[in-house]
Amino acid sequence: MIPIWLNRLRLRLRALLSREHDAELRNELQLHLDLLAAEYVARGMSATDARARAHREFGNATRVQETSHQLFTMPLLDGVWRDLLYALRSLVRGPSFAALVSVTLALGIGASTAIFSLIDVVLIRPLPFPGAEQLAVVWETAPRVGYPKVDVAPANYVDWVQQSDVFDGLAAYSGNAFNLTGQGRPERLDGVQVTPNLFSVIGVDPVLGRAFLSPEGTRGNRGFVILSHGLWQRRFGGDVSIVGRAILLNGESHVVVGVMPKGFQFPREETQLWTPVAYSAADTPTRNRRFLRVVGRLKVGRSWTQAQSEFDTIATRLAATYSEANRGYEATVVPLAEEFVGEARASLFLLEAAALLVLVVACGNVAGLFITRAIRRRPEIALRFALGASRGHIVRQLVIEGIALSATGGAIGVVVALVTVDWLGTLIPPPLRGAVAPALDWRMLVFAVTTSVLSGIVFGLAPQWAISGSKLIRSLAGRGTQLPRERVRAALVTTQIAMAVIVVAATGLLVRTLINLQNVDPGFRTENVLTARMEVSSSGASTLDRRKRFYAEVLDRIRQLPGVVSAGFTTFLPYTNFGGSIELVLREQPDLPDAAKFAYRREVTPDYLTAIGVQLVAGRWLTEHDTLGQAPVAVVNEYIASLLGSGVVGTQLKLGAPDTPWITIVGVVANIREEGLETPPQRGTVYTPVAQSQQAWYFNPRDLAVRVSGDPSHFAAAIEGVVWSIDKDQSVSNVRMLEAVVDGQIRARKTQVTLLIVFAAVVVFLSALGVYGLMSFVVTARTQEFGVRIALGADRGRLAAFVARQGLVWLATGTAVGLTITVLVSRGLERLLYGVRPLDPATLMSATLLLCLVASVAALFPIYRATCIDPLTALRAE
Amino acid sequence: MLDMNDEGDGYSCQASMGDESRKGELLQGTLPLLILRTLDSGPSHGFDIARRIQQVSKSVLKVQQGSLYPALHRMELDGLIESCWNTTENNRQAKYYKLTRRGIRRLAAETERWQAIAAAIAAVLQEA
Numbered sequence: 001m002i003p004i005w006l007n008r009l010r011l012r013l014r015a016l017l018s019r020e021h022d023a024e025l026r027n028e029l030q031l032h033l034d035l036l037a038a039e040y041v042a043r044g045m046s047a048t049d050a051r052a053r054a055h056r057e058f059g060n061a062t063r064v065q066e067t068s069h070q071l072f073t074m075p076l077l078d079g080v081w082r083d084l085l086y087a088l089r090s091l092v093r094g095p096s097f098a099a100l101v102s103v104t105l106a107l108g109i110g111a112s113t114a115i116f117s118l119i120d121v122v123l124i125r126p127l128p129f130p131g132a133e134q135l136a137v138v139w140e141t142a143p144r145v146g147y148p149k150v151d152v153a154p155a156n157y158v159d160w161v162q163q164s165d166v167f168d169g170l171a172a173y174s175g176n177a178f179n180l181t182g183q184g185r186p187e188r189l190d191g192v193q194v195t196p197n198l199f200s201v202i203g204v205d206p207v208l209g210r211a212f213l214s215p216e217g218t219r220g221n222r223g224f225v226i227l228s229h230g231l232w233q234r235r236f237g238g239d240v241s242i243v244g245r246a247i248l249l250n251g252e253s254h255v256v257v258g259v260m261p262k263g264f265q266f267p268r269e270e271t272q273l274w275t276p277v278a279y280s281a282a283d284t285p286t287r288n289r290r291f292l293r294v295v296g297r298l299k300v301g302r303s304w305t306q307a308q309s310e311f312d313t314i315a316t317r318l319a320a321t322y323s324e325a326n327r328g329y330e331a332t333v334v335p336l337a338e339e340f341v342g343e344a345r346a347s348l349f350l351l352e353a354a355a356l357l358v359l360v361v362a363c364g365n366v367a368g369l370f371i372t373r374a375i376r377r378r379p380e381i382a383l384r385f386a387l388g389a390s391r392g393h394i395v396r397q398l399v400i401e402g403i404a405l406s407a408t409g410g411a412i413g414v415v416v417a418l419v420t421v422d423w424l425g426t427l428i429p430p431p432l433r434g435a436v437a438p439a440l441d442w443r444m445l446v447f448a449v450t451t452s453v454l455s456g457i458v459f460g461l462a463p464q465w466a467i468s469g470s471k472l473i474r475s476l477a478g479r480g481t482q483l484p485r486e487r488v489r490a491a492l493v494t495t496q497i498a499m500a501v502i503v504v505a506a507t508g509l510l511v512r513t514l515i516n517l518q519n520v521d522p523g524f525r526t527e528n529v530l531t532a533r534m535e536v537s538s539s540g541a542s543t544l545d546r547r548k549r550f551y552a553e554v555l556d557r558i559r560q561l562p563g564v565v566s567a568g569f570t571t572f573l574p575y576t577n578f579g580g581s582i583e584l585v586l587r588e589q590p591d592l593p594d595a596a597k598f599a600y601r602r603e604v605t606p607d608y609l610t611a612i613g614v615q616l617v618a619g620r621w622l623t624e625h626d627t628l629g630q631a632p633v634a635v636v637n638e639y640i641a642s643l644l645g646s647g648v649v650g651t652q653l654k655l656g657a658p659d660t661p662w663i664t665i666v667g668v669v670a671n672i673r674e675e676g677l678e679t680p681p682q683r684g685t686v687y688t689p690v691a692q693s694q695q696a697w698y699f700n701p702r703d704l705a706v707r708v709s710g711d712p713s714h715f716a717a718a719i720e721g722v723v724w725s726i727d728k729d730q731s732v733s734n735v736r737m738l739e740a741v742v743d744g745q746i747r748a749r750k751t752q753v754t755l756l757i758v759f760a761a762v763v764v765f766l767s768a769l770g771v772y773g774l775m776s777f778v779v780t781a782r783t784q785e786f787g788v789r790i791a792l793g794a795d796r797g798r799l800a801a802f803v804a805r806q807g808l809v810w811l812a813t814g815t816a817v818g819l820t821i822t823v824l825v826s827r828g829l830e831r832l833l834y835g836v837r838p839l840d841p842a843t844l845m846s847a848t849l850l851l852c853l854v855a856s857v858a859a860l861f862p863i864y865r866a867t868c869i870d871p872l873t874a875l876r877a878e
Numbered sequence: 001m002l003d004m005n006d007e008g009d010g011y012s013c014q015a016s017m018g019d020e021s022r023k024g025e026l027l028q029g030t031l032p033l034l035i036l037r038t039l040d041s042g043p044s045h046g047f048d049i050a051r052r053i054q055q056v057s058k059s060v061l062k063v064q065q066g067s068l069y070p071a072l073h074r075m076e077l078d079g080l081i082e083s084c085w086n087t088t089e090n091n092r093q094a095k096y097y098k099l100t101r102r103g104i105r106r107l108a109a110e111t112e113r114w115q116a117i118a119a120a121i122a123a124v125l126q127e128a
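So the protein lines, in turn, are chains H and Z. Sequence positions in the first sequence follow our numbering and run 1 to 878. Sequence positions in the second sequence follow our numbering and run 1 to 128.
Worth flagging that the hints you see were computed from the coordinates, not collected in a lab. All C-beta atoms, glycine included, are put in the ideal place defined by N, C-alpha and C. Any given hint might turn out to be false.
Some residues of chain Z that are not near chain H, with every Cβ distance over 10 Å (derived) [what the hints assert, rightly or not]:
id	residue
1	Asp40
2	Ser44
3	Gln55
4	Val56
5	Lys58
Chain Z regions said to be covered by chain H (calculated; three or more residues, Cβ under 8 Å) [stated by the list, open to error]:
id	segment
6	75-87
7	114-120
Far from chain Z, by Cβ distances over 10 Å, these chain H residues were calculated [claimed, not checked]:
id	residue
8	His229
9	Thr495
10	Val520
Let the hints inform the model, and build the full structure from the sequences given.
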């Protein structure tokens with residue numbers, strides 16, 4: 001049996017929602033009347049008499065109907081429903097008001113929600129590893145040489161493992177690239193060599209098969225591989241029997257021992273496979289080669305400070321013991337979350353702050369709009385008071401109107417957020433890309449809806465607060481339009497201007513940063529250059545010869561393609577790898593400053609430097625004649641030249657171990673910003689001809705650059721064709737324009753700046769609207785007063801000046817407050833800026849001027865209207 | 001004990017007996033009982049219910065329309081009866097009411113209660 005309350009609710013809802021209910025009630029009573037009349041007719045009365053009799057006997061049908069009707073209504077809900085309809089009707093009557101309010105709110109709510117959901121996944125939620133808050137990255141660091149974070153030498157890693165006690169496990173890994181061959185198209189895969197304990201340190205087990213076991217990874221015992229879920233699905237069709245089978249990586253057989261779960265990525269989204277490597281004291285040749293990343297799980301109960309102080313001790317001891325390799329090197333423990341998120345934190349907080357300011361300004365505007373509107377509606381509200389509407393009823397109706405509007409705004413805001421959140425993906429820091437997906441979950445939805453409904457209640461009540469009941473009655477009489485809440489509105493507008501100054505100034509600083517970065521001369525010409533990466537396998541005795549032959553053949557064939565200007569290979573293109581440095585010794589300058597003791601080493605083919613458009617400053621280029629039989633030569637960058645003073649060409653340098661031969665410098669080229677657009681060249685670079693290379697090793701070229709005339713993208717297929725016609729098993733990856741490589745440096749900033757510009761535009765627009773609204777309000781309110789003044793002979797120009805002066809006071813207050821806050825908080829922006837100081841006077845002044853200009857234009861129309869008041873009309877209105 | 005002044009189910013409607021006087025005032029809460037009893041013999045519409053109460057009581061009890069319909073609607077809200085539109089013998093649309101399970105149970109309880117009260121009152125009157 002259904003409960004009584006549910007039965008009542010069902011019937012009442014039906015009565016509320018169906019239009020038939022009242023008709024049914026009427027019909028029911030009508031039938032009764034008709035049957036009654038029929039009885040009298042049957043007794044011989046005339047039809048008319050019978051009906052009259054029936055009516056008399058029945059009594060007051062309307063009262064019966066009303067009594068019954070009330071039974072079926074829910075007084076509160078019914079009232080709300082009526083108010084809602086009323087609200088909708090009055091909003092539809094003023095659609096521009098409704099649209100303005102909803103869109104304003106939608107922008108604020110949408111933007112802040114979208115950015116907050118990004119912050120949620122990037123900064124608030126733990127990394128996608130179990131117990132991620134205990135994970136840390138340990139770096140070597142060489143502060144005196146200007147390296148805040150250095151990869152770890154294997155021998156130091158081995159010592160760390162033996163000597164440290166704060167970690168439950170310390171795993172190491174190093175990036176590597178693998179060519180997958182033997183089935184289908186050859187493919188270059190981003191992979192990582194890991195110590196066997198890596199997966200247990202991170203705390204994620206393979207979904208299929210097993211993790212690496214301890215003996216795996218020692219020399220001669222490395223033919224194993226664990227696949228990512230994506231690679232397993234894509235290349236092996238998700239075949240479960242893959243475990244135990246061998247695949248060809250870099251031409252060598254590797255047994256698949258496991259497959260990682262879906263969504264697991266470490267250390268990058270691109271990482272597709274892991275191979276084992278083990279380091280031991282006996283098997284780590286030199287401390288001078290640093291190429292490992294180290295990750296550890298902090299023991300429960302240990303603090304980060306304890307970990308850091310333990311590693312300080314260990315590093316000091318190692319520096320003393322192995323002074324040649326470790327002098328000046330320390331160690332630093334960085335929580336993994338901090339390591340992964342990095343710079344993004346400041347950027348995201350800035351955007352969220354801007355979005356919230358937009359929301360605040362939007363709310364201010366909406367409040368202003370409501371106040372104006374309420375004052376315009378005073379006669380109507382006063383009439384309703386007079387007709388007996390209760391104060392509570394009128395408040396309720398205003399609140400419902402506010403809620404209706406803000407809920408619409410909230411709904412549109414959710415749509416805005418949904419659209420932007422995908423686009424915001426570029427703001428996710430690279431190590432987290434792919435692992436986290438910002439999605440508007442229910443909490444965000446609740447946030448948006450709460451914000452909008454709360455603002456609805458506030459805005460609904462604000463007008464009520466602006467009008468007191470007794471004054472309302474007076475306004476019925478057509479008097480008393482004197483505006484009590486001018487100051488409230490002025491405060492709102494002043495706040496808006498202040499907020500706008502902050503947002504515009506911050507945007508200005510970041511726009512200038514972006515422009516500065518775009519204008520940075522990277523040291524090479526990016527246009528019309530196509531690049532590609534070709535990882536060459538490292539097996540076989542004749543590898544070096546084979547590689548050299550491969551480079552020569554590829555370049556030979558590419559040069560024959562019509563439209564190709566020049567082409568060359570290098571170890572790493574700028575920005576594609578920040579490592580690859582080696583000790584530098586200058587014969588003429590044995591005492592180098594610490595920072596100069598390491599230089600980037602790039603093995604190149606002769607045309608590489610001309611292909612990417614580097615300037616030759618002195619001496620000559622490398623040529624085809626610099627071969628193995630000739631004296632070793634090198635081209636250095638200006639940084640090294642500056643160490644030597646004049647007469648650089650002809651002097652000699654040495655790279656790496658002391659037993660390597662001296663190399664003669666034959667040319668000097670301009671500096672390239674190797675480490676990033678924002679980092680000025682602060683390190684030497686030595687270009688040596690690959691033809692003179694003596695080893696098949698890490699420094700052999702893998703990146704190709706081809707300068708063409710015309711659109712480089714048309715050459716992509718041709719270049720792949722050339723490579724595969726020479727070696728069908730050679731992988732070709734990262735085919736993209738050099739411009740795209742450079743653009744990758746500022747892509748996140750572009751998104752950030754675009755967002756900020758949108759916010760700034762919205763805020764400026766809203767403030768202008770606020771100023772316009774306020775001034776119109778002032779002028780309208782004083783129409784009669786001005787009319788009288790004009791009639792008495794006041795000068796129209798002075799009237800305008802009077803109005804304008806008031807506006808100026810508000811504007812000046814707003815900008816002053818805004819500037820003060822900007823000055824106080826802009827230090828926080830310092831880390832995000834390049835080439836511009838947080839208190840850059842030009843930017844702050846421009847922001848202020850822009851606001852003043854826009855506000856003045858907005859104020860102009862109402863002021864003009866004040867001068868056009870016709871005294872007759874104004875007075876007649878009274 | 002039974003409380004005579006009990007307003008029953010909160011029905012405040014009254015029916016009057018006959019045309020002439022106030023002596024026919026129906027005790028509060030009795031109209032719903034009469035309606036329930038009438039509907040016990042089958043679904044019926046408002047006019048019919050009123051007529052049948054009149055007939056069965058040999059015109060002693062005459063139900064006022066002003067009370068009948070609000071009572072019916074309240075009983076419907078309380079889930080004692082339910083309604084549906086149907087055609088009468090004269091081919092007119094009428095709202096028919098019939099008992100629900102809750103109504104059948106209530107009828108039994110109320111009948112018992114009424115008989116107890118009636119017996120008690122009779123006893124008091126005879127003694128006095």
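Okay, the hints, checked on the actual structure:
Remark: the non-interface label on Asp40(Z) is consistent with the geometry, its nearest Cβ contact in chain H lying 18 Å away (cut-off 10 Å). Interface exclusion of Ser44(Z) from chain H stands, the closest Cβ pair being 12 Å apart, more than 10 Å. With 10 Å as the threshold on Cβ separation, the claim that Gln55(Z) sits away from chain H holds: the shortest Cβ distance comes to roughly 13 Å. No Cβ of chain H comes within 10 Å of the Cβ of Val56(Z); the nearest lies about 17 Å off, and the non-interface call holds.
The beta carbon of Lys58(Z) sits about 17 Å from the closest Cβ of chain H, which is more than 10 Å, so the claim that it is off the interface holds. For the segment 75-87 of chain Z, the proposed coverage by chain H is satisfied: 5 residues have a C-beta within less than 8 Å of a C-beta in that chain, meeting the threshold of three. Under the rule that three or more residues need a Cβ within less than 8 Å of chain H, the assignment of the segment 114-120 of chain Z is violated, with 0 such residues. The non-interface label for His229(H) is consistent with chain Z: the shortest C-beta to C-beta separation is roughly 57 Å, beyond 10 Å.
Annotated as non-interface, Thr495(H) keeps its C-beta farther than 10 Å from every C-beta of chain Z; the closest such distance is 52 Å. The claim that Val520(H) lies off the interface holds: its Cβ sits roughly 78 Å from the closest Cβ of chain Z, which is beyond the 10 Å cut-off.
Consistency note: the structure conflicts with earlier hint 7 alone.
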